[in-house]
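Colleague: Next come the chains, spelled out residue by residue.
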Amino acid sequence: MTVMEKLSQAIPLANPWINNWRNEGKNVLGYFCTYIPEEIIYAADILPVRVRARTCSAGDTPMGDAYMTPTACSFTRCCLELANQNQYDFLDGIVSCNSCDQIRRLYDNIRFKAPFPYHYIIGVPGCVSDTTHEWFKHEISKFKESLEKNFKVSISDEKLKKAIRVYNKSRELLKEIYNLRKHDNPPITGTEMLNIISAGMSMPRDQFNYLLSQQLQELKEKEGISDYRARIMIVGSMLDDPEYLKVIEDLGGLVVVDSQCLGTRYFWDLIDENKNPMDAIGERYLSKIACPRMAGKYPERVDFMMKLIKEFNVDGVIFQRIKFCILWWAEIFMLRNKLKDEGIPFLELEREYVLSGAGAMKTRVEAFMEILEANK
Amino acid sequence: MEEEFYQKYKKLGRGSWGKEFLLIKGMYNGMLNLMKSQDQFIEPMETILKIFLSIGKARKEGRSIIMHPFNYGPELFHTMNLQPLMQELFSVGLAPFHMNEPYLDFSNNVGYGDNPTLCNASRPLIGAFLQGAAPVPDLLFFLSTPCNSLSINYQVFESLTGVPTYNMDIPYWACEQDSEFYDETIMDYIITQSKEFIEWLEKETNQKFNIEKFQQTMLRLNEARGYIMEFNELLKTIPCPAPSMTGFWNWFFMTNIGGTADAVEVTKYTRDKTAEMVKEGIGAVEDEKIRIGWPYTHVFFEGPNLFNWLEETYNAVTIMDILGYYQVRPQNITNLEECYESLAKGTLEYSMIGSCRGPVEYYIDYCLDYVRDYKLDCIIFPMQYACKHAYAMARITSEIVREETGIPALIFGCDPYDSREVPSEAIRGKISEFIEQVVL
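The listed protein sequences derive, respectively, from chains Z and P.
Quick note on the working numbering: the first sequence kicks off at 1 and runs consecutively.
Quick note on the working numbering: the second sequence kicks off at 377 and runs consecutively.
Be a bit skeptical, because a hint or two may be false.
[Unchecked claim] Under the rule of at most 16 Å between Cα atoms (straight-line distance), these lysine to aspartate or glutamate pairs were calculated in the EDC-like manner:
id, chain 1, residue 1, chain 2, residue 2
1, P, 612, P, 415
2, Z, 338, P, 534
3, P, 665, P, 688
4, P, 401, P, 378
5, P, 644, P, 490
6, Z, 137, P, 560
7, Z, 113, P, 775
8, Z, 113, Z, 65
9, P, 571, Z, 184
10, Z, 137, P, 559
11, Z, 152, Z, 283
12, Z, 152, Z, 65
13, Z, 137, P, 564
14, Z, 323, P, 564
15, Z, 142, P, 662
16, Z, 297, P, 534
17, P, 655, P, 609
18, Z, 113, P, 779
19, Z, 220, Z, 184
20, Z, 362, Z, 352
21, Z, 142, P, 422
22, Z, 113, P, 737
23, Z, 142, P, 559
24, Z, 161, Z, 352
25, P, 412, P, 437
26, P, 665, P, 559
27, P, 665, P, 638
[As the list claims (entries may be wrong)] Here chain Z is said to cover these stretches of chain P; the calculated rule only asks that three of the stretch's residues, wherever they fall, bring their Cβ under 8 Å from a Cβ of chain Z:
id, stretch
28, 417-426
29, 564-577
30, 713-722
31, 769-778
Calculated directly from the structure, the hints in this document are not laboratory data.
Quick reminder that beta carbons are idealized off the backbone N, C-alpha and C, glycines included.
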């Protein structure tokens, strides 16, 4: 079995890695957003697993439609649907935050209609300042206390420091792999990369790091991909479906970098290992490359996108926006003006959480590829 | 309205506006024409006209205009002699005259959202700005709550205009000690941010914050809050002594002129008129049969027509909408720190902020109190399709209200700002069916 095949075992909702963890009598918590500090959960010897809902059938979300409403994004409708079908039974609880209005209300609807033994929500400030930093530290301290109380564990500074080291190691390894994608012939596709990142969010992190190191070594020795038509950057929110990227890559667009929740915005920034661990966690999570929910951070998000476009020699940007997502529609409205100014071609695609309408998507991506080729 | 009054304000309206204020001029004239056929509630309506006039006047006088959202009181702005401009004037104020629709269409055409995604309370501003029809304020201020549409719209406006912008974070947790969501540090958090906001205003406007004036403003604010609390109590009377729109105007005044003498005067007027009705045992709706709860915003494109129709067709009074449900009580403000606390409390409990900024329990408790305190017969949720945070609370809330009080609820989707989405007739049809088949 190749390393990639081993990692792929961690992609299904309930997977062998989670089963083994649970068989040791240990707890698993589902979480919803890149603003949830996994290190605190991991330091409690609880496995943090990013909640996904890819087994949900497109358009078959009666519970989600009724309670989240039909004009909520399909990710939140799918999550409520699966929670109601007990498909998250491997979780001992969920941790959410006020990422966006829909995730905030998903948390409420789950609590009332499909509850777990443990629920917690972290209030993440909507802007970044010294004052909000202090508040966020207070928020995550309350979260730590809640875990200690409910799971009868003690989360010492030593455990937190160890968790930070483990998670930073992942970030460093992922960044090394991303650096290989800067080459003219990158050794890995975007589809494979998304699989790796998804796996990391669904398995014990030290074991992920072990496999990631092996994967990195393999990639360093691998002959790169040369038969692509254009180098693509993907920008958008929660996309965990590799098939979506595969549609693009099958048409010759090699995804070389991204600014996504399951991508750079998840792992790009490290936690300072020399500071008090709770302070360092708070600082990293509030100051990391922001999501559009974070007011005042638009210029930084633009700079980040432009920096990656340059470093990864991107030919064109594909914005993927999940239908009914408030934040990303407005964000893309601003970003595309920037790309126009810079002369960088882009394509905007609206999608549902579960891939549907691949035919129409193929037509648009193919046309985009032709434009990019003509530009060369 | 007397002809002399009409002519006076017609004259005042002439030449008070620069090109960039033409939309506000349109609202002013629309309101004046509406008033022409009215012989009651003239004093509050006059205050509304004065608010519109003050915006154009501020620009002429060189006073800074600060744009702010519908859920934040303007006390600090009045303290600092800044002119508040509520952003939602461009949706709420234009909708009854259908004047917002071209700007919504323009927003669609330039790719700035669509109705089920981005709230049309915000989008007209962008459409109007891009067509050169919206004034550019000198400063922008917004809150992180109650919704993403509001928050991101300010970010878009900021990026388009480059206007200096300040954002205040409003946390999820409760400030009441008896709440299961209580956080003991929340008041300090808001007070600290309020003081930082004042420092920012000082820097941006190059003036010193006048403590004495602030305290006077907070005293006046307290007085107006007191009148509104008395008004809210009077609404518990059966029959309801005030017409359906009255509470809404209390919110409007607090959001535009809160902390001023005019706000004290107008809220006192409303309280007094309502008290007189109670004293005389007169209901605002003849032979009141149904008391409706409306825990969301008005259907703004209807103006007062939808409530008038309910009153005339079903003898149904709508007690207050979610904005009119202004529940910020007067605070103890004997010293400066208590003034800041009062400011913070008002920020956390403002209409729609108090019920929507945190867990669904805040909204459920609001609805349960509303039903019980005002002896409601039913609840109508006219949910804006794009209002993700509120729409996704309606079903749970209606179920709990039904379980605990036996009161039925109607939930329907619409766009309160655009009659082309779900037209008047369709809305009335849904309400009629509900009232005739469930409530009566």
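Colleague: With reference to the structure, classify each hint as holding or not holding.
Modeller: Outcome of the hint check:
Between residue 612 of chain P and residue 415 of chain P the CA atoms are separated by roughly 26 Å; this puts the pair beyond 16 Å, and the hint is violated. About 14 Å separates the Cα atoms of residue 338 of chain Z and residue 534 of chain P, which keeps this hinted pair within 16 Å; it holds. A distance of roughly 11 Å separates the Cα atoms of residue 665 of chain P and residue 688 of chain P; the hinted pair therefore holds under the 16 Å criterion. Restraint check for residue 401 of chain P and residue 378 of chain P: the C-alpha separation of about 21 Å exceeds 16 Å, so the hint is violated.
Between the alpha carbons of residue 644 of chain P and residue 490 of chain P the distance comes to roughly 41 Å, so the proposed pair goes past 16 Å and is violated. A distance of roughly 15 Å separates the Cα atoms of residue 137 of chain Z and residue 560 of chain P; the hinted pair therefore holds under the 16 Å criterion. Pair hint residue 113 of chain Z plus residue 775 of chain P holds up; C-alpha atoms about 11 Å apart against a cutoff of 16 Å. Only pairs whose Cα atoms come within 16 Å are accepted, and residue 113 of chain Z paired with residue 65 of chain Z is accepted, the gap being roughly 13 Å.
Taking the CA atoms of residue 571 of chain P and residue 184 of chain Z, the gap is about 53 Å. The hint is violated against a cut of 16 Å. Only pairs whose Cα atoms come within 16 Å are accepted, and residue 137 of chain Z paired with residue 559 of chain P is accepted, the gap being roughly 14 Å. Restraint check for residue 152 of chain Z and residue 283 of chain Z: the C-alpha separation of about 27 Å exceeds 16 Å, so the hint is violated. Proposed proximity of residue 152 of chain Z and residue 65 of chain Z is contradicted: the alpha carbons are some 37 Å apart, above 16 Å.
Restraint check for residue 137 of chain Z and residue 564 of chain P: the C-alpha separation of about 15 Å stays at or below 16 Å, so the hint holds. For the proposed pair residue 323 of chain Z and residue 564 of chain P, the alpha carbon gap of about 38 Å is over 16 Å, so the pair is violated. Between residue 142 of chain Z and residue 662 of chain P the alpha-carbon distance is near 54 Å, which puts this suggested pair outside the 16 Å criterion. Distance restraint check for residue 297 of chain Z and residue 534 of chain P: the Cα-Cα separation of roughly 12 Å lies within the 16 Å cut-off, and the hinted pair is therefore satisfied.
Taking the CA atoms of residue 655 of chain P and residue 609 of chain P, the gap is near 14 Å; set against the 16 Å cutoff, the hint holds. Proposed proximity of residue 113 of chain Z and residue 779 of chain P is supported: the alpha carbons are some 15 Å apart, at most 16 Å. Between residue 220 of chain Z and residue 184 of chain Z, the direct Cα distance comes to roughly 14 Å. Compliance with the 16 Å bound is thereby established for this hinted pair. Only pairs whose Cα atoms come within 16 Å are accepted, and residue 362 of chain Z paired with residue 352 of chain Z is accepted, the gap being roughly 15 Å.
Of the supplied pair hints, the one linking residue 142 of chain Z and residue 422 of chain P is violated, its CA atoms being roughly 50 Å apart against a limit of 16 Å. Between residue 113 of chain Z and residue 737 of chain P, the direct Cα distance comes to roughly 14 Å. Compliance with the 16 Å bound is thereby established for this hinted pair. Taking the CA atoms of residue 142 of chain Z and residue 559 of chain P, the gap is near 10 Å; set against the 16 Å cutoff, the hint holds. At roughly 39 Å between alpha-carbon atoms, residue 161 of chain Z and residue 352 of chain Z are farther apart than 16 Å, so this suggested pair is violated.
Our distance criterion of 16 Å between C-alpha atoms is broken by residue 412 of chain P and residue 437 of chain P, whose separation comes to about 30 Å. A distance of roughly 42 Å separates the Cα atoms of residue 665 of chain P and residue 559 of chain P; the hinted pair therefore is violated under the 16 Å criterion. For the suggested pair residue 665 of chain P and residue 638 of chain P, the alpha carbons sit about 35 Å apart, so the restraint of at most 16 Å is broken. As drawn, the stretch 417-426 of chain P meets chain Z at 0 residues by the rule of a beta-carbon pair under 8 Å; below three, the given contact is violated.
Under a criterion of three residues with beta carbons nearer than 8 Å to beta carbons of chain Z, the stated coverage of the stretch 564-577 of chain P is upheld, 4 such residues being counted. Coverage of the stretch 713-722 of chain P by chain Z is violated. Counting CB-CB distances below 8 Å, 0 residues qualify, and the rule asks for three or more. Coverage of the stretch 769-778 of chain P by chain Z holds [criterion: at least 3 residues with CB-CB distance below 8 Å; count 4].
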